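Participant: Using the sequences and the accompanying hints, generate a full structural model.
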Amino acid sequence: MNRGLVVFGFPRSGTTLVRRLIDAHPRFACPPETGVFAGAARMLQTERIDGGVRVGIEAGLGLIGVPSSDVRARVADLAMGFLADHAASQGKPRWAEKHPYDVFHREAITGMLGDRVRYLIVVRHGLDVALSCRDLVQVTGRYLDGLGDAIRRDPRPLHAMAASWSDTTVDLLAWAKRHSEAVPVVRYEDLVADPLAVVRAAFSVLGEDVDDGLVDRALATTGAVGLGDWRTWSRATVDATSAGKHRTLAPDLVAELGVLAGPGLEAAGYDRPGPPRELSPEAALRRHQLAMMWQARKA
Amino acid sequence: MTRETLMAYLIGDLGADPSRLQDDTPLFSGGMLDSFRMIDLMTFIEGATGRQMDPVDVTLDNLDNMTSILAYVARKGRG
Chain A
1 MNRGLVVFGF PRSGTTLVRR LIDAHPRFAC PPETGVFAGA ARMLQTERID GGVRVGIEAG
61 LGLIGVPSSD VRARVADLAM GFLADHAASQ GKPRWAEKHP YDVFHREAIT GMLGDRVRYL
121 IVVRHGLDVA LSCRDLVQVT GRYLDGLGDA IRRDPRPLHA MAASWSDTTV DLLAWAKRHS
181 EAVPVVRYED LVADPLAVVR AAFSVLGEDV DDGLVDRALA TTGAVGLGDW RTWSRATVDA
241 TSAGKHRTLA PDLVAELGVL AGPGLEAAGY DRPGPPRELS PEAALRRHQL AMMWQARKA
Chain B
1 MTRETLMAYL IGDLGADPSR LQDDTPLFSG GMLDSFRMID LMTFIEGATG RQMDPVDVTL
61 DNLDNMTSIL AYVARKGRG
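Chains as they are written, first to last, in this note's numbering: chain A, 1 to 299; chain B, 1 to 79.
Keep in mind the hints are simulated off the structure, nothing from the lab.
One or more hints might be untrue.
Unchecked claim - No more than 20 Å apart at the CA atoms, straight line, and that leaves these computed lysine to any residue pairs for SDA-like: (1) A:Lys298 x B:Gly30; (2) A:Lys298 x B:Asp57; (3) A:Lys245 x B:Phe28; (4) A:Lys245 x A:Arg156; (5) A:Lys298 x B:Asp34; (6) A:Lys298 x B:Thr43; (7) A:Lys298 x B:Arg75; (8) A:Lys298 x B:Gly47; (9) A:Lys298 x B:Phe28; (10) A:Lys245 x A:Pro157; (11) A:Lys298 x B:Ser29; (12) A:Lys298 x B:Phe36; (13) A:Lys245 x B:Gly47; (14) A:Lys177 x A:Ala201; (15) B:Lys76 x B:Gly47; (16) A:Lys245 x B:Ser35; (17) B:Lys76 x A:Arg286; (18) A:Lys245 x B:Arg37; (19) B:Lys76 x A:Met293; (20) A:Lys245 x B:Met32; (21) A:Lys245 x B:Ala16; (22) A:Lys298 x B:Asp64; (23) A:Lys245 x B:Phe36; (24) B:Lys76 x B:Asp64; (25) A:Lys298 x B:Pro26; (26) A:Lys298 x B:Leu33.
Quick caveat, the model's predicted, so the values are computed rather than measured.
Facilitator: Printed below as a string of structure tokens:
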């Protein structure tokens with residue numbers, strides 16, 4: 001019963017807010033992003049060389065007779081041990097961990113932890129996520145590790161992130177359906193609209209009650225910021241205005257991004273934007289000219 | 001272009017709020033519609049008048065409410 005909880009969510013999906021809420025629960029300790037599972041997943045990474053020769057810790061220890069299942073279990077014990085120790089230091093029986101890189105290592109992490117832990121998924125509208133990821137890049141000057149492949153496939157940041165979000169979300173939600181135990185899925189838009197109700201619903205799946213004061217306690221917490229969404233920590237209230245920000249984008253851009261994010265939006269129960277409109281080259285040129293005229297008049 | 005045609009376009013195509021839309025409601029300066037919708041509106045007006053808008057006509061004086069849009073269209077073309 002006293003098992004840990006791993007939070008999966010694409011970066012910029014509201015996972016830091018979820019972490020604050022979980023940590024405010026009297027039975028859960030959810031520290032700032034420790035990275036223990038992403039680190040453990042990297043430790044278990046296997047390369048294939050020379051026609052399929054496996055190189056990595058599992059293959060290497062296999063040469064001295066250690067089964068892969070033992071390797072994964074012992075690495076999991078190591079990672080979970082840190083979090084269990086932290087929970088104990090906080091006087092809490094259960095721990096939780098969220099890290100933005102975990103979703104990119106989800107296969108390795110779920111393969112390593114299996115049903116030794118519970119899982120929770122946070123989903124936010126893919127176009128809002130793409131916009132927020134772009135903001136993060138502007139602040140940090142670089143892409144998160146897991147987004148490198150997406151950017152190599154499509155150099156347009158919003159398009160790349162919308163596509164990556166969609167692939168990840170489809171895969172994650174499909175895995176959640178297959179998983180042997182129920183995985184609560186928290187939609188960011190529902191969470192900011194009614195935090196207590198959404199947290200209560202998620203925790204009930206995990207077999208835990210939630211008291212009326214949990215949200216207020218979570219938002220009053222200012223210590224142990226660690227890593228995570230810098231904006232969340234500056235707020236003492238849940239900010240619902242960040243839901244639906246993609247509506248500030250040009251409709252044609254929203255339509256383009258909607259095509260890329262479409263499968264993920266459908267899987268997560270969001271409306272898909274309408275298809276891009278087909279304009280003749282002349283009509284497209286005239287729209288461009290009108291936009292320039294309007295910009296010039298505003299300047 | 002009639003008042004009813006314009007109103008139907010603003011509500012149905014541009015998403016103007018029908019409960020707040022009056023003849024003198026400021027569409028853009030009041031925040032009901034954004035700049036992207038301005039381009040759509042200008043395209044709509046060009047289709048209605050059959051003439052390209054002159055850059056000097058692209059002003060809020062001509063485009064910010066239904067009364068001024070209808071007056072502009074009447075001056076410029078097929079009204």
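Participant: Quick one, are A:Lys245 and B:Ser35 close enough, alpha carbons at most 20 Å?
Facilitator: Measuring from Cα to Cα gives roughly 15 Å; hence the hint holds.
Participant: Regarding the pair A:Lys298 and B:Gly30, is the alpha-carbon distance no greater than 20 Å?
Facilitator: Roughly 15 Å separates the two Cα atoms, so the pair holds.
Participant: Would the hint linking A:Lys298 and B:Leu33 be met if the CA-CA limit is 20 Å?
Facilitator: 15 Å, holds
Participant: Does the alpha-carbon distance linking B:Lys76 and A:Met293 stay inside the 20 Å limit?
Facilitator: Given pair B:Lys76, A:Met293 holds - Cα atoms ~18 Å apart, limit 20 Å.
Participant: Is the straight-line distance between the alpha-carbon of A:Lys298 and that of B:Asp64 20 Å or less?
Facilitator: 13 Å, holds
Participant: A:Lys245 and A:Pro157: Cα distance at most 20 Å?
Facilitator: 16 Å, holds
Participant: Straight-line Cα separation of A:Lys177 and A:Ala201 no greater than 20 Å?
Facilitator: Holds - the C-alpha atoms of A:Ala201 and A:Lys177 are around 17 Å apart, at most 20 Å.
Participant: A:Lys298 and B:Pro26 were given as a pair; does the straight-line alpha-carbon distance stay at or below 20 Å?
Facilitator: With Cα atoms ~16 Å apart, A:Lys298 and B:Pro26 stay inside 20 Å; holds.
Participant: With a cut-off of 20 Å on the C-alpha distance, tell me whether A:Lys245 and B:Arg37 pass.
Facilitator: 17 Å, holds
Participant: Does B:Gly47 sit within 20 Å of A:Lys298, going by the straight-line distance between their CA atoms?
Facilitator: 23 Å, violated
Participant: Are the Cα atoms of A:Lys245 and B:Ala16 separated by 20 Å or less?
Facilitator: Holds. A:Lys245 to B:Ala16 sits at ~18 Å (cutoff 20 Å).
Participant: Measure nothing beyond the straight line between the CA atoms of A:Lys245 and B:Phe28; if it is 20 Å or shorter, mark the hint as holding.
Facilitator: Status holds; Cα separation ~19 Å.
When each numbered hint is compared with the structure, violations occur for hints 7, 8, 13.
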